[in-house]
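**Q** Residues per chain are reported as follows:
Protein chains: 2
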Amino acid sequence: MSAAIPSKLVNRRDLAFILYELLESEQLTAVRKYADHSRDTFEAALDAAQRLAEAEFAPINRLLDQHEPEFVDGKVRQPEAVRRALAAYRDAGFFAAGQDDVYGGMGLPHVIAQAVQAMFNAANISLTAYPFLTIGNANLIRTFGTDEQRRTWLPALYGGRYFGTMCLSEPQAGSSLADVNTTARPCEDGTYRVFGQKMWISGGDHELAENIVHLVLARLAGAPAGTKGLSLFIVPKFLVKADGTLGARNDVALAGLNHKMGYRGTTNCVLSFGESDGAVGYLVSEPHKGLACMFQMMNEARIGVGLGAAMLAYTGYLHSLEYARSRPQGRPPASKDPSCPQIPIILHADVRRMLLAQKAYAEGALALCLYAASLIDQRETASTRDEQRKYGALLELLTPVVKSWPAQWGLVANDLAIQVHGGYGYTRDYPLEQFYRDNRLNAIHEGTHGIQALDLLGRKTVHDRLEGFEELAAHLARTVRAAHHNGDARLARWARELQSALDRLRHVATLVSRKAIGGAVEEALSNATPYLEAFGHVIVAWLWLRQALLVHAHLDHANADERAFYLGKWQAAAYVFDFELPKVEGWLFPVARQSTTTLDMRSEWF
Amino acid sequence: MSAAIPSKLVNRRDLAFILYELLESEQLTAVRKYADHSRDTFEAALDAAQRLAEAEFAPINRLLDQHEPEFVDGKVRQPEAVRRALAAYRDAGFFAAGQDDVYGGMGLPHVIAQAVQAMFNAANISLTAYPFLTIGNANLIRTFGTDEQRRTWLPALYGGRYFGTMCLSEPQAGSSLADVNTTARPCEDGTYRVFGQKMWISGGDHELAENIVHLVLARLAGAPAGTKGLSLFIVPKFLVKADGTLGARNDVALAGLNHKMGYRGTTNCVLSFGESDGAVGYLVSEPHKGLACMFQMMNEARIGVGLGAAMLAYTGYLHSLEYARSRPQGRPPASKDPSCPQIPIILHADVRRMLLAQKAYAEGALALCLYAASLIDQRETASTRDEQRKYGALLELLTPVVKSWPAQWGLVANDLAIQVHGGYGYTRDYPLEQFYRDNRLNAIHEGTHGIQALDLLGRKTVHDRLEGFEELAAHLARTVRAAHHNGDARLARWARELQSALDRLRHVATLVSRKAIGGAVEEALSNATPYLEAFGHVIVAWLWLRQALLVHAHLDHANADERAFYLGKWQAAAYVFDFELPKVEGWLFPVARQSTTTLDMRSEWF
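For the protein sequence lines, the chains are A and B, in the order given. Quick note: to get this note's numbering, add 16 to the position in the first sequence (first position is 1). Quick note: to get this note's numbering, add 16 to the position in the second sequence (first position is 1).
It is possible that some hints are incorrect.
All copies of an identical chain are treated as equivalent in the list; a pair is satisfied when it fits inside any one copy or across any two copies.
What the hints assert, rightly or not - Straight-line alpha carbon distances no greater than 20 angstroms define the calculated PhoX-like cross-link-like pairs of lysine-lysine that follow:
1. K257 <-> K49
2. K244 <-> K305
3. K531 <-> K91
4. K352 <-> K244
5. K406 <-> K257
6. K352 <-> K531
7. K305 <-> K352
8. K531 <-> K257
9. K406 <-> K352
No wet-lab data here; the hints were simulated from the structure. Please read all numbers here as calculations on a predicted model, not as lab measurements.
When you get a sec, could you build the whole thing from the sequences and use the hints?
**A** Structure (C-alpha cells):
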C-alpha cells in the first residue's frame, strides 16, 4: 500500500488527507471526463511517481548541484545521469500525466497531476524544471495553436521527445515586459524570422531532448509599443520537416550560461535569435495577442513555482524531523542532571516549535497549491457559466498568493530545517543547505515577490473591484460558520480570529481601492507587499481551520495511528493560530495607516 | 578626509554618526587611559582599516569562497592570498588594536576597536575570523592566565604570529557543554595531557601562522559531571621552548575539514587531541573553573558574531543601493507609457521599501553592536562599583540580543539585497548570494538562536529577577521623555509606541517569571524564541528613536549633504515605527497567551 512506503519526499498520509478529505478530489470521478478513474488509479499514479522520484531523481540531487552545466564548444555539458533520469520519467509517461488518450496520457485531473509533479519537485527541483516547462509549453500550444501546430509539436512534447521553454525576459526587460524588443518579420511562406536576445531562459539549451521548442515573445514591425504590441512565436531549435523528422538547425544560439546560487541542474541561458538570417518562427494565435497567450503558461508556471517551493519545504521538514528524533543533545530545562543521558532534540520545546512551523508552512503550502489546482478542475468541470466565472475569479485572485506564499515561507521552513540540524545543517554533508539555496530562486522567477504583490492588490483587488475577494470571503464565511456550529471552544475561537483578520483585510483593501480610484495610484499601491504577506497568512490560516474541522469530525472514530496523525494536524492548526495569524496585524499596520514612508523616501537620502 | 572615501563596506558618515553623535565616544578621551587619543586618532585608525580592508580583504572575498580549504597530506591547503592578506593585517598592527603599549597596541577603546574590526568583517568575513578568534583567545589569557602564560603567549598572539582558537564542541556535545568528555591528566611537571576529539573548530588548523594556540575545555579525573567539571587548557599546535622558539609538534591532529555552505575561507575542523601520548596542555585558572573563563571569550565572540552579521547586512545594503540607483526597469504605476524611457528601480516604492528595510536592519544592527561595545568601555571606566554593576547587567542582558538580532535580520537584509538585484542577485556574478550564504552561519555558531533565547529569558530575565531589564527600561524611559518633551508630533507618537511595546515586554516577562518561580520552568521557557524576537525589535526601535531625536536636534542647522543624511535617518526611523515595531505584538501573542502548543506537541504526532 502506498501509505506504507516511507518517504522523505512527502507524507503520503498527509497527501491523501489533502486530496481526499480536504479537497474531496474523489468527487471528480463522478464527472464524465474522469469516469474511468478512481481513488485507486489516482493512488497508483502517485505510487509510480514516488517510486521513480525516489529511485532516479532524489539520488542525483546533490550531483546536479556539484556539477552544474558547462558551456563547452558551443554546447551544454551536463552529467549523463540527467538524461537517464529524464528518460525514465518520459518512459513512464509523466509528460502526459494530465492529458487524455490523444497524447497517450494518463488523463488525470489537474489536482492529481500536480500531486504527481510534487513528488518530483521534492526529489529534485532543478531536474523537474525540464518537464515542468515542457508541459506548460505544450499546454499553451494545445490552447492557442492551430491544428497544424498541435499536430507538429504536441505529440513530441507530451511524449517527452522535445522539451519546451518560455522566452520572455531580455537583458533590458526582466520584470518589464513592455520593453521587450526582440523583433519578428513575416515571410512570404507564412513563417516569421525572429531577431533578438533572450535572458534567464530556463532549459534554454541542452542536449537532453531531440529538440527544444521555444515560445518567444517578439514584436512585429509597426506593432504598438508596450505589452500590447507583443506577439508569440514557436521557435524550435531544429526545424521539423513535413514527415516529422528533424531538419536544419534553426538560427538560435546559446550565448551564455548563468551561474546560480542553486537550482543548478536547470540550465539558465542567454539565447541569441537571428544572429545570421533570422530564426524561423511560427505565429501563435494572432499578431499582438502574444502576452494574453503567454499568461496561460505564466499562470500555470506561477502555481508550479509555488508547488516547487512547497515541496522543497516539505522534504526539508521531513529530513529535519528524522534528525530531531534521532539526535541526542541536552536535557530538559527542569532537570539538568548531567548523569542522565542526553535526550533526542525533538524533546526540546523550541525544536518542536521549529518543526511545527515547518509543518505549518510545508503542509499549508501544499494544501494551498493543490487547492489552486482543484480550482482549475472545478472551473473546467463547472456546470454553469456563473460557477465557471466564480472559480476563475477565485483562481485569479489566489494565483499571486500561490506563487509567493510558498516561496517566502518555504524558504523560512528550509532555514528552520538547517537550524534544527545545527552546525551539520550548514555543511554540504546534509541536503538542507541545498534545499535552501534552491528555494531562494522561487521569490524571483516567474514574477518577483513585489510583482505578485502589485498583481494581488492592483489588478486582482482594486481593478476587479474586490469581486474575487468577496467570492473568497464567502468561502471563508462558510468555514467560520461551520467552526462556530460544532461546539468546540477552540474551533470557535480560531473562527473568530480568522473572521477578524479577514475583516481587517477587507477594511484595508477598501481603503486602498478608494485611494486608487481617487487617482492616487502610486500611493495606494506603495504598501502592496505587506498586504500580500498579510493576505497569504489569512488564506493559509483558513486552510488550516478547515483541516482542524476535519480532525474534529474524525478524531473520535480513528485508530491509534490515525489519532496520532489527526492530533498532529490539530496541533499544527493551533500553532498557526497562536504563532502565525497574529503576525497579520503587524503587516497590515503600515497599510492601514496608509504610511507614505517608502513613497516619501528619496534616492539621495540613502 | 575619511568621509570622502567612497566605500561599499560601510557609510563612514553613518559610522561617525553612531560613534560620535549617538554613542558620544569622543568623551572617552577624557578618561586617563585614552588621554592620548582624540577623534582624529580614532578616525586615522578607521581610515587605515578601511584602506587595508578594501585593498587586501574585499578583493579576495570571492576567491576564498571558490577555493575552500583542502585537506592534503594531513595539512590544510588554502590560496596563498589568504596568508598575504593576513600578513598585511598583522603588519599594520591590528591584532593589538585594542591593546596598550605593552603589546605594541594602538590603545583604542573597545568601541573604536570594534568599529575597526567592522571594516574587515564587511570586506571578508571568513578571513576576519582568524584575527577575531586570535584576539578573543589572547584577551582570555590576558584576563585569566598566569604571568608566565601571558609572557609566553600574548606577544605572539597580539603580534599576529600565533593564531588562536576556542575548542568547546565535540561530536556528541554541540550545544550541550555539560557533555564535553575530552579529558586531561596532570603530569609531574605541572603540565597536563589532553585526550579527546573537538568538532566545529574554526581556524582549528592551517598554515597561516607560526603556531596555533587552542583553548580547550576538558575534564580532569574525578571532576564533577556537567559544566561544573570543566577545566580550561592552553594547548598549542607546536610546543614553545623556554627561549621562545618553536619546539616539537604537539599531539594535536587535524582529523577532517567540514565543507560548509558559506564562510568558506575559515577552516572548520575536527581535531584529535592525544592520539599518541597526549597533547601537552597548560591549565588556565583553577581546575573546574574552565567554563567561567571560557564565557569571557564566548561573550566577546557573541558580540563579534553580531557585528559580523551586521556588516554582511551593511555591505549587501550598499551594493543593492548602488544597483537600485543604476538599473533601469519599468515605469511608475501611474504613468505606464511605454514610449517613455524606463526609470531606475530605486524610483519604485517597493524597491525603496527593500532598501529602507536593509538600512534599518544594517545601521540598526551596527548601532546595537557598537552600543554593546561602548557598554564594555563604560563598565571599564566606571567611577563607582554601582555604575560598573549596572553597565555589566545591561551588557549581560543585551549580549544574547546582540548575538541574535543582527544574525536574524542581517540575513533578511541580505535576502532583500538579492531581491533588489532580481535574477542577477541569484547569480554568482554578484557578491550578494555569498553574503547571504556567509551570514546564514551566524544564527548557529557561538550558541544557536534558541540558546540565546533561553539565555535572555531564563538566565538574564527570570533568574536575574528583571534587574537588567529594569536598568534597560530606565534608559528607554529617558529617551521616551526626551521625545515627548521636544514638541514634534511624530517623535511623540513613536515614543508612545515604544513605551507601549516595552510595557508589553515587561508584562510578559513578569508572567513568565511568575510561572518559572512557581516551578513550571519548561512551560515558562517554551516560548523563549518569540520573546527574544520581540525583545530585539524593541531594543533596536529604541536605538532608532534615539537617532531620530538627534536628527531633530541637528536638521535645521545642517548643510545640504548633511540634511540628506539626516533625512535618510529620519525616514529609516519612520520605517521602523511603521513596518517593524508593529510586528512585536504578533510575536508576543503566544507568549502572552502562555501558549502550550509547542510544549504539548508529541514526537509521534508529527
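**Q** Hints first: check each against the structure and report whether it holds.
**A** Evaluation of the provided hints:
Within a single copy, K257 and K49 get their C-alpha atoms no closer than 34 angstroms, and across copies no closer than 87 angstroms, so neither meets the 20 angstroms cut-off. Within a single copy, K244 and K305 get their C-alpha atoms as close as 7 angstroms, which meets the 20 angstroms cut-off; across copies the closest is 75 angstroms, which misses it. Taking CA atoms no more than 20 angstroms apart as the test, K531 paired with K91 passes in neither setting, with 53 angstroms inside one copy and 67 angstroms between copies. Taking CA atoms no more than 20 angstroms apart as the test, K352 paired with K244 passes between copies only; the shortest distance there is 12 angstroms, against 69 angstroms inside one copy.
In this homomeric assembly, K406 and K257 never come within 20 angstroms of each other (Cα to Cα): the closest approach is 44 angstroms inside a single copy and 85 angstroms across copies. Proximity of K352 and K531 under a CA criterion of 20 angstroms is satisfied inter-copy only: 18 angstroms between copies versus 59 angstroms inside one chain copy. When the C-alpha separation of K305 and K352 is checked against a cutoff of 20 angstroms, the pair qualifies only between copies, where the shortest distance is 19 angstroms, while the shortest distance within a copy is 69 angstroms. Taking identical chains as interchangeable, the C-alpha atoms of K531 and K257 are never at most 20 angstroms apart, the minima being 57 angstroms within one chain and 79 angstroms between chains.
Taking identical chains as interchangeable, the C-alpha atoms of K406 and K352 are never at most 20 angstroms apart, the minima being 58 angstroms within one chain and 30 angstroms between chains.
Hints 1, 3, 5, 8 and 9, counting from the list given before, are not met by this structure.
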